[in-house]
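Listed below are the residues making up each chain.
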Amino acid sequence: MSQAIDKIKAAFDAVKASASNDAVASGGAIAHGAVDLNKSLLEVLTKAYGGATTSYEIWYRWQDRVILDQIPRNSYVLDLGCGDGQLLGRLIKEMGVTGQAVEVDPAAAMAAMDMGVPVLNIDLSEVLGDFSDQSFDYVILESTIQTLKDPIGVLAQMLRVGKKSIVSFPNFGHWRIRFDLSIGGRMPISPSLPYQWYDTPNIRVLTLTDFMDWCRANQVKVNAAYGLSGGNISPITEQDNLVTEEAIFFLEKIC
Amino acid sequence: MSIDGEPLKEMHPPDHPQSVGWTTAKKAALFTEKLFELDSGGKIGPVEMEYETYGELSHNKDNVILVCHALTGDAHAAGWDPDPQGPLRQYRRNKPGWWDSMIGPGKAIDTDRFYVVCVNVLGSCYGTTGPSSINPATSRPWGMSFPVVTVGDWARQQVELLDLLGVTSLKAVVGGSMGGQMALEMALAYPDRVEGAIILSAGHRVTTQGLAFNAVGRHSIIHDANFNNGNYYDSRRPLAGLAVARMMAQITYLSEESMGFKFGRRLRGKQSPDFTLTGIEFEMESYLNHQAESFVKRYDPNSYLYLTRAMDYYDAAEQWGQGDLRVTASKIKARTIVVSFTSDWLFPPELCRELVSAMCYARRPVTYVNIPSKYGHDAFLVETEAVMRLIKSFLKND
Numbered sequence: 001m002s003q004a005i006d007k008i009k010a011a012f013d014a015v016k017a018s019a020s021n022d023a024v025a026s027g028g029a030i031a032h033g034a035v036d037l038n039k040s041l042l043e044v045l046t047k048a049y050g051g052a053t054t055s056y057e058i059w060y061r062w063q064d065r066v067i068l069d070q071i072p073r074n075s076y077v078l079d080l081g082c083g084d085g086q087l088l089g090r091l092i093k094e095m096g097v098t099g100q101a102v103e104v105d106p107a108a109a110m111a112a113m114d115m116g117v118p119v120l121n122i123d124l125s126e127v128l129g130d131f132s133d134q135s136f137d138y139v140i141l142e143s144t145i146q147t148l149k150d151p152i153g154v155l156a157q158m159l160r161v162g163k164k165s166i167v168s169f170p171n172f173g174h175w176r177i178r179f180d181l182s183i184g185g186r187m188p189i190s191p192s193l194p195y196q197w198y199d200t201p202n203i204r205v206l207t208l209t210d211f212m213d214w215c216r217a218n219q220v221k222v223n224a225a226y227g228l229s230g231g232n233i234s235p236i237t238e239q240d241n242l243v244t245e246e247a248i249f250f251l252e253k254i255c
Numbered sequence: 256m257s258i259d260g261e262p263l264k265e266m267h268p269p270d271h272p273q274s275v276g277w278t279t280a281k282k283a284a285l286f287t288e289k290l291f292e293l294d295s296g297g298k299i300g301p302v303e304m305e306y307e308t309y310g311e312l313s314h315n316k317d318n319v320i321l322v323c324h325a326l327t328g329d330a331h332a333a334g335w336d337p338d339p340q341g342p343l344r345q346y347r348r349n350k351p352g353w354w355d356s357m358i359g360p361g362k363a364i365d366t367d368r369f370y371v372v373c374v375n376v377l378g379s380c381y382g383t384t385g386p387s388s389i390n391p392a393t394s395r396p397w398g399m400s401f402p403v404v405t406v407g408d409w410a411r412q413q414v415e416l417l418d419l420l421g422v423t424s425l426k427a428v429v430g431g432s433m434g435g436q437m438a439l440e441m442a443l444a445y446p447d448r449v450e451g452a453i454i455l456s457a458g459h460r461v462t463t464q465g466l467a468f469n470a471v472g473r474h475s476i477i478h479d480a481n482f483n484n485g486n487y488y489d490s491r492r493p494l495a496g497l498a499v500a501r502m503m504a505q506i507t508y509l510s511e512e513s514m515g516f517k518f519g520r521r522l523r524g525k526q527s528p529d530f531t532l533t534g535i536e537f538e539m540e541s542y543l544n545h546q547a548e549s550f551v552k553r554y555d556p557n558s559y560l561y562l563t564r565a566m567d568y569y570d571a572a573e574q575w576g577q578g579d580l581r582v583t584a585s586k587i588k589a590r591t592i593v594v595s596f597t598s599d600w601l602f603p604p605e606l607c608r609e610l611v612s613a614m615c616y617a618r619r620p621v622t623y624v625n626i627p628s629k630y631g632h633d634a635f636l637v638e639t640e641a642v643m644r645l646i647k648s649f650l651k652n653d
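Chains A and B are the protein sequences, given in the same order. In terms of the numbering used here, the first sequence opens at residue 1 and continues consecutively. In terms of the numbering used here, the second sequence opens at residue 256 and continues consecutively.
Hints are computed from structural coordinates only; laboratory data are not their basis. Among the hints, a few may not be true.
[Unchecked claim] Computed list of chain A residues with no C-beta within reach of chain B, every gap over 10 Å: (1) 143; (2) 188; (3) 205; (4) 232.
[Said to hold, decoys possible] Just so you have them, the derived chain B footprint on chain A, three or more residues with Cβ under 8 Å: (5) 93-101; (6) 106-114; (7) 119-125; (8) 129-140.
Even glycine gets a Cβ: it sits at the ideal position worked out from N, Cα and C.
So here's chain B without its partners, still in its complex pose:
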């Protein structure tokens, strides 16, 4: 255990036998001839995609696992980036990929067995075309003229890349949070290609509370004095707004118990209060400030708007069952595991259970585990041991 009580994430250096080692982002230009037609009615092309792969693709191209990243994630799921490019990627220095604990030789997603693919989603700011990319028509960043994207678009985007790689079937699609929505959408949109779906801390929709949180996050960005309708790339960026969005989101990723345990009411580096309104008094404040400061250095405010909106719109019951989740569930052919965490209030266990119940009704065998954890929504990244055990078991019996 680390001093703040969180389990220490065992970091495997690049020369460790269980590390995938140094990684290089791959690029693919897609929709070069025919435009990508999006759910919103928008059309875009060509689309540059950034993705990473780990392990060896089998001769029959039948050992593929698609890993889907969460809201602020990227394609760099495992291993070490030897030379992070651009200001937004500097956070990667001296840090392995976001799911390095799970992906590697002999790990839960075993790269000795599987060929792992992780693709940055359309609209993000980590190498795949997004609002900060240059619009070829204007030679200027897209900004708000970038079309609205959906989770369904992301599924089509990833399949377009898989087609390019000659991969027609997936052993499993796995993701947490927004990545879990993606995994579910892949299982629904491509039932004949997806053999397994691992859905962590995610549901068929976000809760009403979730919609509310996302709305506040966007509001604070849009109403930042520097926002300038999204055209801020040549001047000061709306970072105060993005900071508030991140601070609030960070609260929703934790739980009262984990915050209380980590910070409680402790004062920051002092025994008694300074009676200041603008300074930092509590450890909790200091933590949020620190989170916001490091986040605004690595994320594009416009991407935050686009990706949270895509999460908002996602409603698998509407999209695949005319509002009836049971009809939606009947379309899933993949072996499915849904994992929730007891203290997650962003994608609470009750919401995850709705999907599981619908699958039961629709006679789809399903595995469901509600892991006791105090880490809130973050648990899917923090409870490494439990998640590792479940994924290992699931993939053992493919």
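Just chain A, with the same shape it has in the complex:
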């Protein structure tokens, strides 16, 4: 049995390697020069954060890095589920951004306040209706959509209140997750999904392809998309579903 698993694993690795090369090859299609694709993620992060070491921090902060590169100075930004406020705090301090955050967890909201972030300590689904149409330049939903009861309702509100939206999530289409479930027969556990089936907050898991399908069907334009794969950040397309561990999308509603 274990031999069979090794064989399948090797086959997956081969698929992963070839798909990964494709992704790098097609990288120029949605190129954004600010993200240095040749440097390893760890190098980039070590430079940017003075040595973030835990997998959680790396996983979380590569997206911050991409967002910090993409948001123009002095924008008006809404960060939904801001956590400890690291990202918006930096956007406010370094980029002159005017920020509003929403964070339901009291301890995290307190940490965000300490970062100088104006934060509404309310469930985001209760507060989005308060904002007026197109009132933000960017609305950010980082690694949260898979935890929402009504993700589509929140996405619709985001596209209403923001001129542009940024959405990121762990990709359940990644080969290792498929492997864990199909061969291992257990719900996958990984650095970006460090939960058991009974305590996971991820109740609406999705894949890259699922998300892109939804965008297409709902007149939502993907201006850019990046993925984390094997420690590297690169622009991604739908072909990268198998190799992308986490994905971040820059969206806009087509009017």
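Please build the complex by placing chain B on the supplied structure of chain A, with the hints as guidance.
This is chain B only, laid out in the frame that chain A set:
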């Protein structure tokens, strides 16, 4: 925790390094040449103002925090009054100022950093001109001839004093309940002077229920046999009426949960009832009685009428947005934090949220926290730890 379950308020004696120490009330005579024109159309002058300050005013006069007191509060926010003057102030003996837990060296409102100013409001009975003051025209107490005052008048009053002190900008205005209404009004009326607003347990208006409670309080004072249309200063005061007003108000400051926890249905010092209609049977009754007794010794019934009326009239949506709170909210420039408490039914979380929602709509960044608490409206004074933490964080990032 104290025996009744409330967190013990840590009292810092005057020689404690975190106490502002002994304090002296300051006095200023304002509107000496030009009369103070009030919202009600009334005019008054000169106005004597009592205020206290803690900390050092910076060279550029840019480190000022204005603290606004609540309905029955005074300018004595922190430290110890060495010699309380007059019968109404005797309650201060052996007690620090009403927000001593928050104000002092190294405390949430850090007097090593900030110059803290607290002013007694017009119409009150603690040193600023009010109905119990002598009207210079008649040499008798104003009584009901004192003009009706509003929260807006108080904002102008405080700015008049700040002008006298040469203070043109405020790092923050902070207050709870009626003081929170004041903080909001300051942010609206003086957007270019107020950099931060900390609004605790307060909203842009009182609720309809709030209006009703205030009406009952005033009714009981006005219909006290001793009221005499407010001219009671030479004879017996309408203290029975004031006692009822306080007892009822006290109920609105607590919650069923906190009352149940503190008193429940326990009998007062006995195992079985005495079957009396007029005596004290329950702990709850005893508590209210005690509250009323100590309150009537320290408050002027006329001031109670004037200040509750000012709270009633306050409606920031009407005043600044022709009824539209979103228009009002768009006028706020200050960094703002609104704090409500889950069990507060006098200024309930839903009401505080209205202001926050309006600010969201008007693209004003705002911080809002609804603190889980069982202490009702009193929570803003009782939940010291949580409030301290929030204020500290807010002021850290000014």
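Hints versus structure:
1. The Cβ of residue 143 of chain A sits about 23 Å from the closest Cβ of chain B, beyond the 10 Å cut-off, so the non-interface label holds.
2. Listed as outside the interface, residue 188 of chain A is consistent with that label: its C-beta sits roughly 35 Å from the nearest C-beta of chain B, beyond the 10 Å cut-off.
3. Distance check on residue 205 of chain A: its Cβ is at least 30 Å (rounded) from any Cβ of chain B, clearing the 10 Å threshold; non-interface status holds.
4. Every CB of chain B lies more than 10 Å from the CB of residue 232 of chain A, the least distance being 36 Å, so the non-interface label holds.
5. For a cut-off of 8 Å, the count of residues in the stretch 93-101 of chain A with a CB near a CB of chain B stands at 3, and the three-residue condition holds.
6. Counting residues of the stretch 106-114 of chain A whose CB lies closer than 8 Å to any CB of chain B gives 5, which reaches the minimum of 3, so the coverage claim holds.
7. With 4 residues bearing a CB less than 8 Å from a CB of chain B, the stretch 119-125 of chain A meets the requirement of three and the coverage assertion stands.
8. For the stretch 129-140 of chain A, the proposed coverage by chain B is satisfied: 4 residues have a C-beta within less than 8 Å of a C-beta in that chain, meeting the threshold of three.
No hint from the list above goes unmet by this structure.
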